[in-house]
Each structure stands twice: as C-alpha cells, then as structure tokens.
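Peer 1: Protein chains in written order, with this note's numbering: chain C, 1 to 121; chain A, 1 to 383.
Some hints here could point you the wrong way.
What the hints assert, rightly or not - To list a few chain A residues with every Cβ distance to chain C over 10 Å, as calculated:
id, residue
1, P47
2, I130
3, N132
4, A137
5, T142
6, K195
7, Q199
8, T251
Unchecked claim - Only some residues are given here: those of chain A computed to face chain C with a beta carbon under 10 Å:
id, residue
9, F50
10, A134
11, I138
12, F141
13, Q153
14, T155
15, E160
For the record, the hints were derived by calculation from the structure and aren't laboratory data. Please read these numbers as outputs of a predicted model, since none were measured by experiment. Note that CB positions come from ideal geometry on N, CA and C, so glycine has one too.
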Amino acid sequence: MRGMRCDACGYVFFPPQNLGCEQCGTTGSALRPCQLVGSGTLMARVTVHLHAKPERPAPFVIGTVRLDDGPVVRMLLDAPPDTLPPIGSPMVAVLSPVASEEGSRVHDLRFSLAQPAPLQE
Amino acid sequence: MPVTLGSLRPVYVVGVGLHPYQPLSETPYVQLGLSAARDALTDARVPWEFVDSAYVAKALLPMAVGRPMLRHLGATGLPITHVENASASGSAAFRQACMEVACAMSDISFVIGVDKPTALGSRAEMLTGIPNLADDAIVPFTHFALLADAYAQRTGCSFEDIARVAGKNLRNASLNPFAQRRQAKTLDEILGGKKVSGQFTTLQCTPVGEGAAAVVVASEEGLRRAGLGLERAVRITASAARSQRVYTDPTRYDEMLTKETVEAALAQAGVSAGGLDVIELHDAFTVEELEYLEAIGVCGHGQAAGLLKEGAFDIGGRCAVSPSGGLIGMGHPIGPTGIGQIVEITRQLRGEAGVRQHPDAQIGPAHMVGLGAVCFAHVLQSL
Ligand SMILES: [Zn+2]
Numbered sequence: 001m002r003g004m005r006c007d008a009c010g011y012v013f014f015p016p017q018n019l020g021c022e023q024c025g026t027t028g029s030a031l032r033p034c035q036l037v038g039s040g041t042l043m044a045r046v047t048v049h050l051h052a053k054p055e056r057p058a059p060f061v062i063g064t065v066r067l068d069d070g071p072v073v074r075m076l077l078d079a080p081p082d083t084l085p086p087i088g089s090p091m092v093a094v095l096s097p098v099a100s101e102e103g104s105r106v107h108d109l110r111f112s113l114a115q116p117a118p119l120q121e
Numbered sequence: 001m002p003v004t005l006g007s008l009r010p011v012y013v014v015g016v017g018l019h020p021y022q023p024l025s026e027t028p029y030v031q032l033g034l035s036a037a038r039d040a041l042t043d044a045r046v047p048w049e050f051v052d053s054a055y056v057a058k059a060l061l062p063m064a065v066g067r068p069m070l071r072h073l074g075a076t077g078l079p080i081t082h083v084e085n086a087s088a089s090g091s092a093a094f095r096q097a098c099m100e101v102a103c104a105m106s107d108i109s110f111v112i113g114v115d116k117p118t119a120l121g122s123r124a125e126m127l128t129g130i131p132n133l134a135d136d137a138i139v140p141f142t143h144f145a146l147l148a149d150a151y152a153q154r155t156g157c158s159f160e161d162i163a164r165v166a167g168k169n170l171r172n173a174s175l176n177p178f179a180q181r182r183q184a185k186t187l188d189e190i191l192g193g194k195k196v197s198g199q200f201t202t203l204q205c206t207p208v209g210e211g212a213a214a215v216v217v218a219s220e221e222g223l224r225r226a227g228l229g230l231e232r233a234v235r236i237t238a239s240a241a242r243s244q245r246v247y248t249d250p251t252r253y254d255e256m257l258t259k260e261t262v263e264a265a266l267a268q269a270g271v272s273a274g275g276l277d278v279i280e281l282h283d284a285f286t287v288e289e290l291e292y293l294e295a296i297g298v299c300g301h302g303q304a305a306g307l308l309k310e311g312a313f314d315i316g317g318r319c320a321v322s323p324s325g326g327l328i329g330m331g332h333p334i335g336p337t338g339i340g341q342i343v344e345i346t347r348q349l350r351g352e353a354g355v356r357q358h359p360d361a362q363i364g365p366a367h368m369v370g371l372g373a374v375c376f377a378h379v380l381q382s383l
C-alpha cells in the first residue's frame, strides 16, 4: 500500500495526495510517497445489509483498520457477512479477485484476517 | 482576542415557527417555508416590515430559494443571504443572524430553513480527485455503524443499549405534532426492523424528508421598535463553530469535533455540562447521542447508555435530550434541522412545550454536525 509522508510535520497519511498536508498545510516536495506495511489491527467491522449501488451488491463487510504505520483506513474485508472477525484481530491487506462488469477478472485491495482463526471443535 | 457573542450586545430569539417535517410530497417548498415563516412572525408579533435581514438555509434545493418564497411576505427589499453547510446549514444561518444583530448591523433578523430531498447528489468528498479505498461502499450509515461497533467494544454496552436512543427519541417525537415519525416504538420493534448496516435498523437512522423552520432574532432596540418587551424572549448566550482537525483516531472526528465545539460554547456562556436542563443533539444515528453526551461532559465516558436506560435523558429526567424527538424522531430535512432545534429549545425555555415540557428548563444548548465536517453549538438561556 502506498501512502504519503509530510517531511515538515511527520504526518503519515492515506490515501496519497499532493494537494497539501492536512495537518500543517505544507505542499510540494516535502510530501513524499512512502510504502505502508499492509498490516494493522481491526478497530470496528460491520456487515452492510442495504446498498443503493448495484455494482456493490449487499451484503458485504466493511472494516476500520489501524495500520501498523499509523493511518486508520476503512475498506472491504474478506470475511463472511455472518461471522465477522473479532475487534483487535491482526489484519493484512490482500488483493482479492472480483468479477468486473465485462466479465474479466480484476483485483480489489481488501483486508483479511492475518491468521485464520483455529477451527472450533 | 476574538470577541464572543456574549460579549456583544444581547441577542434574543423572539419568535419561532415550524412546518411539520414529512416525507417528500407535492407541496412546493414556498408553501412549506411560508407556513413556518408566518408562524414565527406571528409568534414574535413582529411585522415583516420591521425585519432588517434574512438568512435562508438549504442544502438540497437549487440555488437562491429565498426571494421567490419571502416575496410573499411583502417584497420589502431586505438583504437575503443563502447558507449551505450540509446538515448544519440551519445552525450556520442562525449563527450569522445572531452575529449581525449582536454587532448592531441589524436589530431584527429572520432565519429560515427549508428543504426538499429532490436533488440528493454526490458528496463533495467524492469530487476531490483523491480516490479512497471502497469509498463508494461507505455511506454515512456505515460510517456510524462502524462507530457503533467500536463504541460497544470500548464501553462494554450492548447494541440494545444503543438502540434505546431511538426508543426515547421516537417516544418524544410521538408527542410532537411537527415530527416526521409520530409513533412510539418498543425496543423489540426497533431492533426487529429492516437491517441497514451493522447493528442499525431503519428506526435507528434519521429519515431525510421535507419541512421548514423559522426563527426571529432581535436586539432590545429591535423589540422596542416593534413595541415589544422581553417577556417571551430567550437569550442566545453563546455561539461556537469549528471544523474537523487531524485527530489521533480520525474515524471518531464527529465526537472530537463535538467536544471542542460544545465545550467552547459552554465556556462562552459560563455554564457547565452538568447544569444543562435540556439539549437538542445531532442524532442522525443512535450511537451519536451516547458519544456526544459523553464527549461534552454531560456524563462520564461509557456512562451514557446506563443513564439513558435509567431515564436520566427523558423529559423530566436529569437532562432532557432531544425532547423534540431529535433527528431520529422529528426527522432531518437538512436545511431546517438546526433551526428546528432552536424552535424546540425556545419553547422549552419559555415553558411552552406542552406535553413535551421539561420541568423548569432554563439552559439549553443546540448542537449540529455537518458533513464536511463542521460543527455548531449555541446556548440558549431563559431570562
Ligand atoms: Zn505536514
């Protein structure tokens, strides 16, 4: 995952943009792209039951993840809608194949449980 | 040092009016607005010719809705300014009118909010050119559903505890003839409704409809000019407005922003969160009410759900929270919403809220958050 870092104030942010640092207003070369580790901790998760856009058929799962690099991001989780991973779980970014409108395979960045939970007997 | 509203000459709410909040109908917006406008002028006993300026709040209707509406009160040539600030449009318009009267540029100013959900478009955040992950999949109800999930985890309260906010606000709305939802619901009915996102069911989310709200704001000079005294006046002792900064947990910006803004307003008014009698809060989604009550210090962190269950936030309880029914019960026509809060607080402080009257209400703040993210807080006090 690519994020950005402001050399003027140290703020690390996602998504990347060079319009100006949200914390101190710095622009230009002080805003540098940086690599974010694609791992973090799950802070919240929900199953979305209703969604107006047909290209995102509900139900799907959205999570809030605090990246180990600092930024907090929200994105789709690779998780079944009826068994959500517990808050506090370690998560990793994965490229998940999704069918596009034209029928070709495209990939979508999602978060998934870092270690699959052990099966309960 | 910037001046505060309370350090300028006193400003009073002297008249209030509403058109019921309701689902989208064929009623032209002009009719919605005029009904609220005439009620507010009648309530104030101020003739339209005495009004020095008008602020019109709307977010969904097209530009410049003011004159085609207000001309029917008599085209006096008064200055009209339109205000758009998302959910806080009405609160922002009210603040402008208060400031104008406080600094003596006007003696009597008129504030009206009117809206219809006819032009629900895309959010500005989607037009910035900065693509985010799955931003097409995260609409406001999912933002707040995620906050509810984190809140339940943080405080140990249950989703049933959170849903109780809707129980109280729908009960209050059932007593309010201007509310969009006028039926009290049991907790089972609320929890058993159609699922929206996370633990939210439809009755835990605000209905966006149409409606209008109006208030007349005046100085003592303005009242004197209209031959009136302060008998039914409610003083606005504070106005605070802020926008979102960078917070440690950026997802909880609504709460952090609320804390900063309401604390600033209470400090201006010189009142403590523990001393509030009645409060109108932004409760577009149930969890917001609990988070904001804790953020502004009405109770300690993690205590709001328990106090709600005990009835502390009912009409007649320790502090009546959203006696109008709030956004969940009264509804959220956007432009009028923040002004409708001022209408309810004014009625409460005058002792004119009828079956919704909270006993001996003297201090009441109104609080709104807008997408974007902006926050407004006003403190009203009886004389
Ligand atoms: Zn910076």
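Peer 1: Run every hint past the structure and note whether it holds.
Peer 2: To see whether the hints hold, each was checked on the structure:
Distance check for A:P47 against chain C: the nearest CB is about 47 Å away, which clears 10 Å, and the non-interface claim stands. The non-interface label for A:I130 is inconsistent with chain C: the shortest C-beta to C-beta separation is roughly 5 Å, within 10 Å. The Cβ of A:N132 sits about 5 Å from the closest Cβ of chain C, inside the 10 Å cut-off, so the non-interface label is violated. In this structure A:A137 is not separated from chain C by more than 10 Å, as the shortest Cβ-Cβ distance comes to only about 5 Å.
Once the 10 Å rule is applied to beta carbons, A:T142 is inconsistent with being away from chain C; the minimum gap is 5 Å. The Cβ of A:K195 sits about 4 Å from the closest Cβ of chain C, inside the 10 Å cut-off, so the non-interface label is violated. Listed as a non-interface residue, A:Q199 fails to keep its Cβ farther than 10 Å from every Cβ of chain C; the least gap is roughly 8 Å. Listed as a non-interface residue, A:T251 fails to keep its Cβ farther than 10 Å from every Cβ of chain C; the least gap is roughly 5 Å.
Because the beta carbon of A:F50 sits about 45 Å from the nearest beta carbon in chain C, more than 10 Å, this interface hint is broken. Below 10 Å, beta-carbon pairs count as interface contacts, and A:A134 has one with chain C at about 5 Å; its hint therefore holds. A distance limit of 10 Å between C-beta atoms decides the matter here; for A:I138 the minimum to chain C is near 6 Å, and the interface restraint holds. Because the beta carbon of A:F141 sits about 8 Å from the nearest beta carbon in chain C, less than 10 Å, this interface hint is met.
Proximity of A:Q153 to chain C holds as hinted, the smallest CB-CB distance being about 5 Å (cut-off 10 Å). At its closest, the beta carbon of A:T155 sits 13 Å from a beta carbon of chain C; the interface hint therefore is violated under the 10 Å criterion. The criterion of a C-beta within 10 Å of any C-beta in chain C is not met by A:E160, whose closest approach is roughly 16 Å, and the hint is violated.
The structure does not agree with the numbered hints 2, 3, 4, 5, 6, 7, 8, 9, 14, 15 stated previously, though it agrees with the rest.
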